[in-house]
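*Asks:* Sequence:
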Amino acid sequence: MKPFPLPVVALGAGSQPEDPDLAYMPLPGEVESFIMPALPSSEDVSHLGRAIELIGQLAALAARWQPGERCVRELAGLNSEELALVNQVLGEGEVSAKALLADGGEARIQESVFAGVWRVCRFDANGQQTGDSVEVAPIPELLIERAQAASRWLDALPPMPATLMNAAPIGAELLARQRQALDSPHVINFTLLPVTPDDLAWITELVGEGAVGIFSRGYGKCRVLATALTHVWRVQYFNTMNTLLLDTLEITRIPDVTLADGEDIADSAERLGEAHHWLCGAFDHV
675 MKPFPLPVVA LGAGSQPEDP DLAYMPLPGE VESFIMPALP SSEDVSHLGR AIELIGQLAA
735 LAARWQPGER CVRELAGLNS EELALVNQVL GEGEVSAKAL LADGGEARIQ ESVFAGVWRV
795 CRFDANGQQT GDSVEVAPIP ELLIERAQAA SRWLDALPPM PATLMNAAPI GAELLARQRQ
855 ALDSPHVINF TLLPVTPDDL AWITELVGEG AVGIFSRGYG KCRVLATALT HVWRVQYFNT
915 MNTLLLDTLE ITRIPDVTLA DGEDIADSAE RLGEAHHWLC GAFDHV
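Per my numbering: the sequence shown = residues 675 to 960.
No lab work stands behind these hints: they were computed from the structure.
Honestly, I wouldn't trust all of these hints.
Straight-line C-alpha distance at most 20 Å; calculated EDC-like pairs for lysine to aspartate or glutamate [stated by the list, open to error]: (1) K772 <-> E755; (2) K772 <-> D872; (3) K772 <-> E756; (4) K772 <-> E727; (5) K772 <-> E847; (6) K772 <-> D829; (7) K772 <-> E944; (8) K772 <-> E815.
Label pairs and their computed distance ranges (CB to CB) [what the hints assert, rightly or not]: (9) A830 <-> E743: 33 to 41 Å; (10) E819 <-> D872: 17 to 25 Å; (11) V746 <-> A850: 34 to 42 Å.
Virtual Cβ for every residue (Gly too), placed ideally from N, Cα, C.
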C-alpha cells in the first residue's frame, strides 16, 4: 500500500453530509505492522506435504512475478488440516475487498500478511462457497474485471437543479476525463473544492454504485468504491473515529493506493520462502 500523494485537509463541522454508505462494510481496525505468523515446527506438520508444497509454490510465484502476470493457485484439493496450515501461514493483512458477481454471488477477498498475496473466495447467491484460491498480484484481477463489467460510460450529463453551485463543472470534468482514464489518471478532490451538500448528493447520484469495494487500514482507514461509471472510483479516508478526512473521485483503471508494488511482492517472496524452509525443517529450532 502507498501513502496518498495529496494533502489531507480536515473538514470543518457540518461541511459534509452524513454518508449513508459508511455501512457498506465495517471499516477495519487499527494499523498493524508486519509480524511473521507464528509457525508450527516442521515435525508437527510433516504429514501436511501438500500444504507445505503450496506455500513453496507461492514463494516461487512471487519471486518470478512480472508486471501483467496473474499467478493463481487453487486450494480446492486441500483437506481441512492442510487448509488450516495455509490459513495460519498467510494470516490477514491490511486490505480486504468484496465484489458482486454476475451470477448474483459474491467474492470475498483478503490480502494476506504478505503484501501482494491475496486469498480469493467465491460464494454463490445462496452463500455457499464455490471457489477458494490464492493469487499473487498487485491486486486480484477479479476486482478490476467486475468493476468494469458492472459500469457504463457517461455520454451526457442529466438535467440538474439550478440551485447547485459547482456540480455542473465537476460533472463536465467527469465527462471529459472518463475516456482518458487509462492514459491520464485524474483526481477530483471534494475536500479542496467549494461544494455544497446538494452538489455532493447530485454527483453521488450521477456516479451511482458499482460492484466492488476495497477497504484498507494501512496509512489510516481508507475505502475505495467502484462507481457505476467505468474507471471512476470513490476514494475516502477516515480517522480513527471514522470521521471523513478526504473525499475524492479517482478516474483511473484502479486507484494506486490499492496496489501492492513490485518491491512489496519481492519482499513477500522472501518471507514466504523463509516460512517454507521453516516448515520443511531447514532451520534449527528449539
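*Asks:* Now tell me if each hint is right for this structure.
*Replies:* So, going through the hints one by one against the coordinates:
1. Proposed proximity of K772 and E755 is contradicted: the alpha carbons are some 26 Å apart, above 20 Å.
2. The straight-line distance between the Cα atoms of K772 and D872 is roughly 29 Å, outside the 20 Å bound, and the hint therefore fails.
3. About 25 Å separates the Cα atoms of K772 and E756, which puts this hinted pair outside 20 Å; it is violated.
4. Restraint check for K772 and E727: not satisfied, since their Cα atoms lie roughly 28 Å apart, outside the 20 Å limit.
5. The suggested pairing of K772 with E847 is violated, with an alpha-carbon distance near 28 Å, which exceeds 20 Å.
6. Pair hint K772 plus D829 does not hold up; C-alpha atoms about 28 Å apart against a cutoff of 20 Å.
7. With a C-alpha separation of about 28 Å, the suggested pair K772 and E944 falls outside the 20 Å cut-off, and the hint is violated.
8. The hinted pair formed by K772 and E815 meets the criterion: a straight-line CA distance of about 13 Å does not exceed 20 Å.
9. Checked against the hint of 33 to 41 Å, the pair A830 and E743 passes, with Cβ atoms roughly 39 Å apart.
10. At about 35 Å, the beta-carbon gap between E819 and D872 misses the expected band of 17 to 25 Å.
11. Our hint of 34 to 42 Å for V746 and A850 holds, since their Cβ atoms are close to 37 Å apart.
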